[in-house]
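Kindly generate the complete structure, drawing on both the sequences and the hints.
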Amino acid sequence: MLEKMQAMVGDPEKDKARLEATSPALLADRITTPLFVAQGAQDPRVNKAESDQMVDALRKRSVEVEYMVKDNEGHGFHNDENKFEFYEAMERFLAQHLKP
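581 is the number of the first residue of the sequence shown in my numbering; add one for each residue after it.
Keep in mind the hints are simulated off the structure, nothing from the lab. A virtual CB, placed ideally from N, CA and C, is assigned to each residue, including glycine. A hint or two may mislead.
To be verified - The calculated BS3-like cross-link candidates involving lysine-lysine, where the alpha carbons are at most 27 Å apart (straight line), are: (1) K650 <-> K640; (2) K628 <-> K650; (3) K584 <-> K596; (4) K663 <-> K679; (5) K640 <-> K628; (6) K640 <-> K679; (7) K663 <-> K650; (8) K628 <-> K663; (9) K584 <-> K594; (10) K628 <-> K584; (11) K628 <-> K596.
As the list claims (entries may be wrong) - Using C-beta positions, here's what the derived DEER-type ranges look like: (12) D595 <-> H677: 30 to 40 Å; (13) L606 <-> Q586: 18 to 28 Å; (14) Q586 <-> P680: 35 to 45 Å; (15) D632 <-> E661: 19 to 29 Å; (16) R672 <-> D595: 14 to 24 Å; (17) K679 <-> S642: 12 to 22 Å.
As C-alpha cells, this is what we get:
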C-alpha cells in the first residue's frame, strides 16, 4: 500500500524538494483567492487537523474561506444528505466567486 501511494504522490525522502515546492500547507501564504474546503472529520487520509491548520492560516491573513466539516464522513462524502449539502454550498460558492 505504501509503495502504491508513493508511486502516485511521491516518496517523502526522494521527492522532498518537489513535495515541498507544491505543498498547499507550505504555500498558504501565497493563496489570495477565496477557498472552499470540505472535510470529513473521520478521514483517515486527510487528517482534519491539517485542514483546520490550513483554514486558520488563511483566515489569519483575511483570505475568505468557507469550511464545511461533516462529523460522520471519512474521505469523500458518501451520505446523501451530506452530498446534497456539499453540492449546494459549492454551487453558491462558485456562483459568488466565478465571474462570467
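Checked hints:
With a C-alpha separation of about 23 Å, the suggested pairing of K650 with K640 holds against the 27 Å cut-off. Our distance criterion of 27 Å between C-alpha atoms is met by K628 and K650, whose separation comes to about 10 Å. For the given pair, K584 sits about 17 Å from K596 by alpha-carbon distance, which is consistent with the 27 Å threshold. For the given pair, K663 sits about 25 Å from K679 by alpha-carbon distance, which is consistent with the 27 Å threshold.
For the hint pairing K640 with K628, the CA-to-CA distance comes to about 18 Å; that is within 27 Å, so the pair holds. At roughly 26 Å between alpha-carbon atoms, K640 and K679 fall within 27 Å of each other, so this suggested pair holds. At most 27 Å may separate the alpha-carbon atoms for a hinted pair to count; K663 and K650 meet this at roughly 10 Å. The straight-line distance between the Cα atoms of K628 and K663 is roughly 18 Å, inside the 27 Å bound, and the hint therefore holds.
Distance check on the hinted pair: K584 and K594 sit about 15 Å apart at the alpha-carbon level, within 27 Å; holds. The suggested pairing of K628 with K584 holds, with an alpha-carbon distance near 23 Å, which does not exceed 27 Å. Proximity of K628 to K596 is assessed by CA-CA distance (about 23 Å); at most 27 Å being required, the pair is judged to hold. Take D595 and H677: their Cβ atoms lie about 32 Å apart, and the range 30 to 40 Å holds.
For L606 and Q586, the hinted distance range of 18 to 28 Å is satisfied, since their beta carbons lie about 19 Å from each other. Take Q586 and P680: their Cβ atoms lie about 42 Å apart, and the range 35 to 45 Å holds. The given range of 19 to 29 Å is respected by D632 and E661, whose C-beta atoms sit roughly 23 Å from each other. The hint said 14 to 24 Å for the Cβ distance between R672 and D595, and at roughly 37 Å that hint is violated.
Distance hint check: the CB atoms of K679 and S642 are about 21 Å apart, consistent with the given range 12 to 22 Å.
Of the numbered hints stated above, the single one contradicted by the structure is hint 16.
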